[in-house]
Amino acid sequence: MGHASMGKIMWVDLGRGTIKIESIPDTLYQKVLSGVGLAAHLLYERIPSGADPLGPDNILGFVSGLLTGTGSLFTGRWMVTGKSPLTGGWGDANCGGNFSPAIKRCGVDGIFFTGISPRPVYLWADKGRAELRDATELWGRDTVETEEILKQQADGRGLRVACIGPAGEKQSLIAGVANDGGRMAARSGLGAVMGSKRLKAVALSGGQRIPVHDRETIKTLSQQCNEAVQFHPPFLNGIMMAYTGTLMRLLPMQMAFDGMLYKLMLDKYGTASLNQIMVEVGDTPIKNWKGSNEDFDRDRSVNLSPEIFTDTMVVKYHCYSCPLGCGGLMAKNSAWSGGHKPEYESVMALGGLLLNDDAESIYTLNDMLNRAGMDTISAGGTVAFAMECYEKGLLTRDDTGGLELTWGNSAAIVQLVEKMIRREGIGDLLADGSRAAAGRIGRQADRLAMHAGGQELGMHDGRYDPGFALHYCVEPTPGRHTIGSQMYYEMFRLWERVPELPDVSLVYTKGSKYESEDDKISAAAACSRFMNVLNGTGTCLFGAFLGVERLPLFEWLNAATGWDRSPADYMAIGERIQTLKQAFNVKHGVDPKSFKANPRTLGIPPQTAGANAGRSVAVDAMMRAYWQRFGWDPATGKPGEAVLKRWGIKTKPSD
Amino acid sequence: MAYKIIDRCVGCGMCRKICPVACIAGRPRKLHEVDRQRCIDCGACGRICPHGAVLDHLGRLCERIRRRALQWEKPLFDYERCMSCSACIDACPANCLAVTYSQDTQDRKAYPYLADPTACIACQFCALECPVDAVAMKAEADMDETQKKSLDGPFASSV
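Taken in order, these protein sequences are the chains called E and V.
Quick note on numbering that gives the first Met the number 0: the first sequence kicks off at 0 and runs consecutively.
Quick note on numbering that gives the first Met the number 0: the second sequence kicks off at 0 and runs consecutively.
In short, the hints are calculated from the structure, not lab data.
Any given hint might turn out to be false.
[What the hints assert, rightly or not] Restraint ranges, calculated between C-beta atoms of paired labels, are given here: (1) E:T635 with V:D34: 51 to 61 Å; (2) V:K108 with E:N236: 12 to 22 Å; (3) E:S333 with V:K108: 18 to 28 Å; (4) E:R128 with V:K108: 34 to 44 Å.
[What the hints assert, rightly or not] Below, in silico cross-link-like pairs of lysine to any residue (SDA-like), each with a Cα-Cα straight-line distance of 20 Å or less: (5) E:K150 with V:A114; (6) E:K267 with V:Q102; (7) V:K16 with E:R156; (8) E:K150 with V:D115; (9) E:K7 with V:Q36; (10) V:K108 with E:A330.
[What the hints assert, rightly or not] Residues from chain V that keep clear of chain E, each with C-beta distances beyond 10 Å, as calculated: (11) G12; (12) M13; (13) I17; (14) R28; (15) G42; (16) L54; (17) R67; (18) A68; (19) M136; (20) P153.
All residues carry an ideal CB built from backbone N, CA and C; glycine is no exception.
If we strip away everything but chain V, and leave its shape as in the complex, we get:
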């Protein structure tokens, strides 16, 4: 397992900066290297690499996905299904999720939401680990208005 950087790498450092577990090392303009012991297979390096220089854990070449074009997937929460167990928050290696709750005392449920959208690396671990499949991943560019709004959590206006 673990990702691998091949010699197409130009040492731009984008993978090193995005890696959530800081397991990529390398000097500017030199070939970078993944610490195989610490790599968690989140795939962020492969998605961000502009030079197609990353192989995934199965040895396949990773395809660059345009982050600025909002092509990276983000978590959408199904709050009817969600049981507030916080497994998603714990699973997130980028620490971009948090819980929020209503000031209304009738609703005392805690809801997870994407608290730090720019930190999200589209790894899908939250969706993978959710025991009740209440998290769906979707590229922001493909979301409708309601979905985009829901990224800010269930009480977007009051938070």
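Chain E extracted, bound-state conformation:
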């Protein structure tokens, strides 16, 4: 058996109620790592083409990472994977919390579910045994309650739970999977897949040890990494950051971003540190992507300032093996009912995107959605879509059941989201995301739905950083803000380990961001490859923002596994995984070109006011160049036989 991996996976057939263990040879880990790579390999080969994402043939996989539990830092992330009912292609969602090591401590690197259970069940794995148990009592409970009930049965400690809430049960296509008190693996709509399988929860309590090749070297590397993390100089407060954002907007030049700066922001405020500064620079989409910072100026965004959300935090929340702790648990008081601090993405999807600056409503919505197990980004994106439909007369007060869906009407937003969670009235129309809703409304409503391939876009504007626009359109999981951008590439500093990758200039004109050039495509492709390595190892994107000199990912990998690979070798594995995911989409009949995001989000036509006025992104040329960089057909985005063979990917997977 190799090191760092457990060498096994668990298969649970929900239709038959059987559980079996499959051995995974070390050679496969060497080809695709663990985590997303392992899942992509298995699901590409084993989900039959044309399988209904909500049918028995879809496979829902929970995977850990190769570095999880090895003594490395920032490596506690797990993923849920499967065919996405939202995009029709490869689906995955990434989450922190404490579930990743729990999978490995049950002696496996992944747990894969097939079939559909005749009644609600949950998987219980404890002390080397696993069984399916009846979940009738849990069905209908929210994610936090479900976890609490299961933990009480397990004497309170040691149990780690991933579960769906009512949104997943009702197969809302924007439902996710939660763990550790409502932290969500939110994207790709995989909560609906779990609901379709009548699988309420996965509850794990294992004691297995995770084998490590060279623990001492890992510890030395981790301690060096931690020194960078524990650097705490006095830092700007919220309003100073907001003014910094304004200044950054006014300057014609921009500086390459260093992840150490973002570390300081995360350390102090978590992702909420971005709340105002990103509106000011033009990174936050406003008013369903048609507004700008001028519609949500500092006087309004100050109501969502980082301090609002950190002042009521009682303790910082760290995911497993994280030295930074960007999360936070909130105080219980008259306005807040405890739970996780709202993240930037949630605040802005439920805030700026709807012109809503009522922090209490955002806190309420965040808590409601985490408990219901629904993606805050997609929920916010879909409400924004509904509001614009209302404004344009495509939805009327009759349609909304009397709700006045005007911009910023926080009471109406809360009521609408409640309806979406319950699939009640207009909520039923909107519970499957903006693309499905637009299809049902007709009358060209799709023009108002800000999605790529069905997935609502993250709260980072491609008109500010064209890297986001490209990754939204070109990834096998479209619409993601967590894979790449020009700013991410600056922070990853990959050229320090992979010399053939382009360096970035320290200072550049803003206009140069929009020029399509070879180096930008190299950078984007590198982000995708690197992110697959991160997701194969369970590593956190925010850790990677420290840069590869401060986060010794490649060095940890060699020490944990005993392999002797170069960073370029690992990046090649990332490329194989990217090709696998794209081949998955092609196998399932997804046209890569169809993932192009709504033109409005690309600045077509350009905005006339605000930070991104006059900016548009020539994404078609970039998409073609990106596909070509992977050796895929630049006209169609499909990997040909030759490239599949080069990566050892079956050209004709079964079925």
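Let chain E serve as the given structure and place chain V on it in line with the hints.
Showing chain V alone in chain E's frame:
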């Protein structure tokens, strides 16, 4: 790897009761057996066995350590070094660690501590897995007063 019980075993069942992963089976007064697939080499069976009937993962005879005489080692946390990553809590097969935090909003750090001292099996996994070596193991009998007090966590009086 894995521990092994030899025929000196009298079937007292102490190892079976303490094993954190329930991998020891055996009827009262009969030879007990370790499930080698599930054993995690924590050594609790070897430390508790009153009859010297347990071999460790390298085949060496385990020495009994007196638990009642407070000879079993317990984790002492260096809170200056600790980065609140919870690796220790996850590593603990006996689930005896938890986090605590101050009500003081100036200090929002979460601190691990020995929440259930009687459940601790002295396996040292928390110390082994701590990435920054912030956990030291020491027998309670050898601890000074400050160390003994610190077992209850950094805010012993307020928790």
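Hints, one by one, checked against the model:
Our hint of 51 to 61 Å for T635 of chain E and D34 of chain V holds, since their Cβ atoms are close to 54 Å apart. For the pair K108 of chain V and N236 of chain E, the beta carbons lie near 20 Å from each other, so the given range of 12 to 22 Å is met. At about 26 Å, the beta-carbon gap between S333 of chain E and K108 of chain V stays in the expected band of 18 to 28 Å. As the Cβ distance of R128 of chain E to K108 of chain V is approximately 37 Å, the hint placing it in 34 to 44 Å holds.
In summary, the hint linking K150 of chain E to A114 of chain V is supported, as the alpha carbons are separated by about 17 Å, within the 20 Å threshold. With a C-alpha separation of about 18 Å, the suggested pairing of K267 of chain E with Q102 of chain V holds against the 20 Å cut-off. Note on K16 of chain V and R156 of chain E: the hinted pairing holds, with a Cα-Cα distance of about 18 Å set against a maximum of 20 Å. Under the criterion of a C-alpha separation no larger than 20 Å, the hint pairing K150 of chain E with D115 of chain V is consistent with the structure, at around 17 Å.
The suggested pairing of K7 of chain E with Q36 of chain V holds, with an alpha-carbon distance near 13 Å, which does not exceed 20 Å. Between K108 of chain V and A330 of chain E the alpha-carbon distance is near 14 Å, which keeps this suggested pair within the 20 Å criterion. With 10 Å as the threshold on Cβ separation, the claim that G12 of chain V sits away from chain E holds: the shortest Cβ distance comes to roughly 17 Å. No Cβ of chain E comes within 10 Å of the Cβ of M13 of chain V; the nearest lies about 18 Å off, and the non-interface call holds.
The Cβ of I17 of chain V sits about 13 Å from the closest Cβ of chain E, beyond the 10 Å cut-off, so the non-interface label holds. No Cβ of chain E approaches the Cβ of R28 of chain V within 10 Å, the least distance being about 24 Å, so the stated non-interface status holds. Taking the minimum C-beta to C-beta distance to chain E, about 12 Å, the non-interface status of G42 of chain V holds against the 10 Å cut. Interface exclusion of L54 of chain V from chain E stands, the closest Cβ pair being 19 Å apart, more than 10 Å.
With a minimum CB-CB distance of about 24 Å to chain E, R67 of chain V clears the 10 Å threshold, and the non-interface call stands. The claim that A68 of chain V lies off the interface holds: its Cβ sits roughly 27 Å from the closest Cβ of chain E, which is beyond the 10 Å cut-off. No Cβ of chain E approaches the Cβ of M136 of chain V within 10 Å, the least distance being about 16 Å, so the stated non-interface status holds. Remark: the non-interface label on P153 of chain V is consistent with the geometry, its nearest Cβ contact in chain E lying 13 Å away (cut-off 10 Å).
Going through the hint list in order, the structure satisfies each hint without exception.
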